[in-house]
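Model the full assembly from the supplied sequences, consistent with the hints where possible.
In terms of the numbering used here, the sequence shown has 171 at position 31, counting the first letter as 1, and numbering is strictly consecutive.
Possibly wrong hints are sitting among the right ones.
[To be verified] Computed cross-link-like contacts, DSSO-like style, restricted to lysine-lysine with a CA-CA straight-line distance of at most 27 Å:
(1) LYS160 <-> LYS171
(2) LYS211 <-> LYS148
(3) LYS201 <-> LYS160
(4) LYS171 <-> LYS201
(5) LYS211 <-> LYS171
In short, the hints are calculated from the structure, not lab data.
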Amino acid sequence: MCLAVPGKVMSIDESNPDLKMARVNFSGVIKEVSIQWLPEVRVGNYVLTHVGMALNIVDEKDALETLELLKELGELDAELGKDAW
Numbered sequence: 141m142c143l144a145v146p147g148k149v150m151s152i153d154e155s156n157p158d159l160k161m162a163r164v165n166f167s168g169v170i171k172e173v174s175i176q177w178l179p180e181v182r183v184g185n186y187v188l189t190h191v192g193m194a195l196n197i198v199d200e201k202d203a204l205e206t207l208e209l210l211k212e213l214g215e216l217d218a219e220l221g222k223d224a225w
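In structure tokens:
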């Protein structure tokens, strides 16, 4: 199953204007994510991410609740495993 997972933007790299990237924290797992489609993203925002692409900015409360539910279902480990990215 494919999931979009929320994560917190830790830093933004704008050195390449054609591919704006961010370091995003997914419950302790840090991944590089393209934020090219979301120019309004700021450090501290939560973004909903699928296959390395941020799709939407989400509310922190909703993001944390979703992460907790995914942990309970055991889906978070599968989605954030080394082979998933």
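Next pair to validate is LYS211 with LYS148; report whether the Cα-Cα distance is within 27 Å. Since the Cα atoms of LYS211 and LYS148 sit roughly 16 Å apart, the hinted pair holds (cutoff 27 Å).
Is LYS160 close enough to LYS171, meaning Cα to Cα at most 27 Å? Roughly 14 Å separates the two Cα atoms, so the pair holds.
Tell me if the straight-line CA distance from LYS171 to LYS201 falls inside 27 Å. Holds, at about 21 Å.
For the pair supplied as a hint, LYS201 and LYS160, confirm whether the alpha-carbon distance does not exceed 27 Å. Within the cut-off at roughly 25 Å; holds.
Sort out whether LYS171 lies within 27 Å of LYS211, counting only the CA atoms. holds (18 Å)
Comparing the model with each numbered hint stated earlier shows that all of them hold.
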